[in-house]
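Colleague: One-letter residues, chain by chain:
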Amino acid sequence: MSGGDVGGRIWPVTVVGAGPAGLSAAVAVADHGVDVLLVDSGSAPGGQYWRQRGEVVPGGRHPDGRETRPSAEHGGRRLTRLWDALQRHRVEGRLTLLSRTQVWQAVAGDDRFALGLTPSPGSPPGPTRVHTDRLVLCPGGADRQLPLPGWDLPGVMAAGGVQSLLKGSGTLAGRRVVVSGTGPFLLPVATGLARAGADVRAVCEAGRPTGWVRDLPAVAGVPTKLLEGAGLAAAMVRHRIPYRTRTVVRRAVGTDELEAVELVRVGRDGRAGDRVERVEADLLAVGWGFTPALELGLQLGAATRLDVDSSLVLVTDAQQRTDVPGVWVAGEACGVGGAVLSDLEGRVAGAAAAVDAGARPGTAAPTGAIGRHRRFARAMHRNHPVPARWADWLTDDTLLCRCEEVPVGRLREARDELGASDARAVKQVTRIGMGWCQGRVCGFAAACLTAGLEGREVGQRDLRALGSRPLAAPVTLAELAALPTVPGQPPQP
Amino acid sequence: MSGAEEATVPLRWQGRELAARPGQTVAAALLENGVRSWRRTRDGGRPRGLFCGIGACYDCLVRLDGGPDVRACLVPVTRGLRVDPGGPAPEQDSTERDTTVQDTTVRDPAAQDPADEDATVQECTARSRSVQDPAGPVRTVQDRTEEDV
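Residue numbers (this note's numbering), protein chains in the order written: chain Y, 13 to 505; chain D, 10 to 158.
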């Protein structure tokens, strides 16, 4: 479909993001007989968690003529069903898929929305502006990061990124691996790497998973998770990967790339022990949960709240509606809870948007399943918090903002010497969060450190200060110059 | 598994030809060819390669066929692509930074990109080192009333 076609009409529903939530939402809208535009930055639907190999696209063909198919390993039957439904709706003209396109801006005009679009890196130019009556935002999230001494050495990577590299490109980021952080997500990362031939030396879990015993009802509510867990535990044994609980990596060591990591045990009070164990590694995969990508919701002024895992998330009702009329949200952006929950929420959001557009209501929403998955997610967050004393292993020299190369010490100076007492002031004075990544990597840590120095828990204002971005993706000056003078103005006939 | 062999995708990196696989990203291809870092930071001259792997961190910047900085982890490989290090040029003297007097000169854009039009907004923000003097009085940090955006 040419750029002119997409930009020249007012879409009844536009879904942003084609990960588990967005793919599900767009299919749900189309299932209800309403035209839907699905905009996605990737080359194919799936997002991060259901990421496919690069050459697999809906309706695509291998050089030998075979149809490219999504891998059952990355998404299972759920993804395959959605993928095939997406293809069917595309062929029938109900669903338009705009891949390799980033949404950098969402503005509300009178009664409708305008989205600013820009091609994903390395992609050909496409439509630059889209007008829509209803928005379903499914932007997902990225790995949450905490700084540690040496984390800027090549060879230290986000756990999710290591997995995406393997899923998308079939590439191993290293051969001798240590996986660390907290949460069940570390296990599929470790076992996936081991299956691909890496020597995974340890999984260092900061928490105590036996704490799950308290949350047995929540766990039992989603039996598939138990099965998954059992499968992962068996894989850990099969690959002989040590699972070290109450253990953190407190330093990454090396000259110009990672050579080894230092492990310490963490006591009940969260304090690190004295005994340091050195493990040689060329890859440290770190995961501390996920940070939802809220830029577009914040641009539209949607209400936020602090979730159980201290993530800033968008507030939604039972229909996945935000407090901005015409805007629904599904997936990690309204609470980190995994791919299946995202899929279920997407279904609800898509159906609600379609009914709002005049469709007849279809089958009942999966509220029971959603409730169970949310309870499970809350239990998971409670049992895998960011360690209370994580800042103990930082020195003044430890890099906090990687883009602007601002060390932790400068944040402390900003407060002690310049009186910067909130995250926004810290950002303005130190440049933390002003580099290319615009606070995506350092934002959570900077917000927590600022709040911690003030003797309080991290709050919404701190996170918002480092999470609001007027530009959700890099845009050239030429693209900005070509913007219509009045944002939200519908296309001229 | 089909009998057809996967064609390799040749790339050019620093005078070498690298072999990539179809569907890989540029970052993946660099890694598989033993290149773990491909740019240096502006102030410390420190090596950077892949960090977040999904386009959030902007560590992995490269220049492709002489174009502007792009995230290597997001760009699929194409035949004959020329890959060069991305990001700003490291400071000439990165050892000492006199923080009492800020360098207020605007970095010469011609050294980076041939067409100003292609300079991204964020790149401009990072490049022009304007007058913030951290040692001097900081106006209004407490005076500002409300949230900006």
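Worth flagging that the hints you see were computed from the coordinates, not collected in a lab.
Positions of the beta carbon are idealized from the N, C-alpha and C atoms, including for glycine.
Be aware that one or more of the hints could be misleading.
[As the list claims (entries may be wrong)] Computed list of chain D residues with no C-beta within reach of chain Y, every gap over 10 Å:
#, residue
1, Thr17
2, Gly53
3, Pro77
[As the list claims (entries may be wrong)] Going by beta-carbon spacing under 7 Å, a handful of chain Y positions derived as facing chain D:
#, residue
4, Asp17
5, Arg65
6, Val69
7, Pro133
8, Tyr255
9, Gly266
10, Glu271
11, Pro419
[What the hints assert, rightly or not] Reference listing, derived: stretches of chain D covered by chain Y, where coverage requires no fewer than 3 residues with Cβ under 8 Å from a Cβ of chain Y:
#, stretch
12, 19-28
13, 35-46
Colleague: If a hint holds in the structure, say so; if it does not, say that too.
Modeller: How the hints compare with the structure:
1. Thr17: holds, 13 Å
2. Gly53: The assertion about Gly53(D) is violated, with a minimum of 6 Å to chain Y.
3. Pro77: violated, 8 Å
4. Asp17: violated, 24 Å
5. Arg65: With Cβ-Cβ at 5 Å, under 7 Å, it holds.
6. Val69: violated, 10 Å
7. Pro133: Result: holds, 4 Å to nearest chain D Cβ.
8. Tyr255: This interface hint is violated because 23 Å lies over the 7 Å limit.
9. Gly266: Nearest chain D Cβ about 10 Å off; hint violated.
10. Glu271: This hint is violated: Glu271(Y) lies away from chain D, its Cβ roughly 12 Å from the closest one there, beyond 7 Å.
11. Pro419: Since the shortest Cβ distance to chain D is 10 Å, the answer is violated.
12. 19-28: Per the Cβ count (0), the hint is violated.
13. 35-46: Contact hint for the stretch 35-46 of chain D vs chain Y: holds, 8 residues under 8 Å.
Going down the numbered hints, you'll see the structure goes against 2, 3, 4, 6, 8, 9, 10, 11, 12, while the others check out.
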